[in-house]
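**Q** The primary structure of each chain is shown beneath.
There are 2 protein chains.
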Amino acid sequence: MSGKRTRLTPDQRRAQLVDIGLEMLADRSLDELSTDEVARRAGISRGLLFHYFDSKRDFYRAVVEAECRRFVAAAEPDPSLPPVEWLRSFIAGFVTYVLEHRQVYLALVRGAAGSHPAVADIVGETRERVAQRVADGQRRLGMPDSPRLGLAARAWMAFVEEAVTGWPVDEPGAREELAAFLESSFVSLLGMLDRPSALRSG
Amino acid sequence: MSGKRTRLTPDQRRAQLVDIGLEMLADRSLDELSTDEVARRAGISRGLLFHYFDSKRDFYRAVVEAECRRFVAAAEPDPSLPPVEWLRSFIAGFVTYVLEHRQVYLALVRGAAGSHPAVADIVGETRERVAQRVADGQRRLGMPDSPRLGLAARAWMAFVEEAVTGWPVDEPGAREELAAFLESSFVSLLGMLDRPSALRSG
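Protein chains in written order, with my numbering: chain D, -3 to 198; chain W, -3 to 198.
For the record, the hints were derived by calculation from the structure and aren't laboratory data.
Bear in mind that the values here come from a model prediction, so they are computed numbers and not experimental data.
Among the clues, some could well be false.
It does not matter which identical chain is used: a pair holds within one copy or between any two.
Here are the simulated EDC-like pairs of lysine to aspartate or glutamate, each with C-alpha atoms no more than 20 Å apart in a straight line [said to hold, decoys possible]:
1. Lys52 with Asp27
2. Lys52 with Asp32
3. Lys52 with Glu28
4. Lys52 with Glu33
5. Lys52 with Glu72
6. Lys52 with Asp117
7. Lys52 with Glu81
8. Lys52 with Glu19
9. Lys52 with Asp74
10. Lys52 with Glu172
Using the sequences provided together with the hints, build the complete structure.
**A** In structure tokens form, the structure reads like this:
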């Protein structure tokens, strides 16, 4: 076993360890991510792992940064698309990412408050970047601006996360139905900012 | 110090320890909730705490159950109210609870996936009970039924949680504005289930 060590450059080794961490996060929380186990899977000693990362916290942060980069990249539409196609591409990227990284997403990205204290700032910045993209989509569609737009964008993201993680995506037609539901929710939620309540008593 | 022990019945003692746990949760996560500290604050030994609770997990569950009962009770309108007033009372109760128990709510109730494994079932059942109430409100308002209603209700709750925790509630008029925003979102999000996308390409 110990003879199986592979010669890697420091950058390759760091990347390998982060990849192992990302893979392991698919079925456990950050707190359950054992650096002993990561080192074992990489065929190196725990001591050597801490040659590449200053601390457990430093390793956790590298893993979460890598995951957050994936998320941001997945939900980045071609900026030259017309508004509606841009929005559809954004929603499709967001949905696909959440479906394909469901466990990691639930453990890490969803809800800045639920995330691990060691990585809360990374997760928070990531959510903020994606929320700014939601606001960008709103402007592209020519919808009314509002001081509450950023907040509404984050609330819409929480709505999307919950809908995507619960939707029966394996049923026939369910993905198309989900996409239509999210597009409509985007228009109706972000289009009604600053309007009085639609409800009348009685 | 040790002479300060108070004579309490077993039920009173359990309730006292749970109350201390709830209070401490206001500024820390469940993992950071030390039973040593709880016992110290109650003026009893750690050993005696484990006379009342089988394990740390058992204590955590008792604390979270108590908090979830508070949440469910806060968002329970008088069933005899007319539909719109019922919905307003439900939203007001939900908003007030989240604002007044902000830290605990963020740490515990929000996002079943983000919650501690030892209490995920309790949190999940609580969210389900509140989601059923959302669906109840939808029926009271005579809005169209849909096989996706339960899911949409949970997604709307995630939306509300994010909006409430981010809204600048201390600004003048902000609470009223928030209530109107949430009422409108209830109608627009839950009223458009099973409708085709509102967007047209071009």
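**Q** Between Lys52 and Asp74, at a C-alpha cutoff of 20 Å, which is it: within one copy, between copies, both, or neither?
**A** neither (37 Å within a copy, 51 Å between copies)
**Q** One pair to classify: Lys52 and Glu72, alpha carbons no more than 20 Å apart. Within, between, both, or neither?
**A** neither (31 Å within a copy, 44 Å between copies)
**Q** At most 20 Å between CA atoms: does that hold for Lys52 and Glu172 within a copy, between copies, both, or neither?
**A** neither (42 Å within a copy, 45 Å between copies)
**Q** Evaluate Lys52 and Glu19 at a C-alpha cut-off of 20 Å and name the case that applies: within, between, both or neither.
**A** within (17 Å within a copy, 30 Å between copies)
**Q** Between Lys52 and Glu33, at a C-alpha cutoff of 20 Å, which is it: within one copy, between copies, both, or neither?
**A** Classified as within: same-chain Cα gap 12 Å, cross-chain 26 Å, threshold 20 Å.
**Q** Using 20 Å as the alpha carbon limit, work out where Lys52 and Asp32 are close: within a copy, between copies, both or neither.
**A** Within. Shortest intra-copy distance 10 Å satisfies the 20 Å Cα cut-off; inter-copy 26 Å does not.
**Q** At most 20 Å between alpha carbons: which applies to Lys52 and Asp27, within, between, both or neither?
**A** both (10 Å within a copy, 18 Å between copies)
**Q** How do Lys52 and Asp117 come out at 20 Å by Cα distance, when the copy is not named: within, between, both, or neither?
**A** Classified as within: same-chain Cα gap 16 Å, cross-chain 29 Å, threshold 20 Å.
**Q** Between Lys52 and Glu28, at a C-alpha cutoff of 20 Å, which is it: within one copy, between copies, both, or neither?
**A** both (12 Å within a copy, 18 Å between copies)
**Q** With 20 Å as the alpha-carbon cut-off, assign the pair Lys52 and Glu81 to within, between, both or neither.
**A** neither (42 Å within a copy, 52 Å between copies)
Going through the hint list in order, the structure does not satisfy hints 5, 7, 9 and 10.
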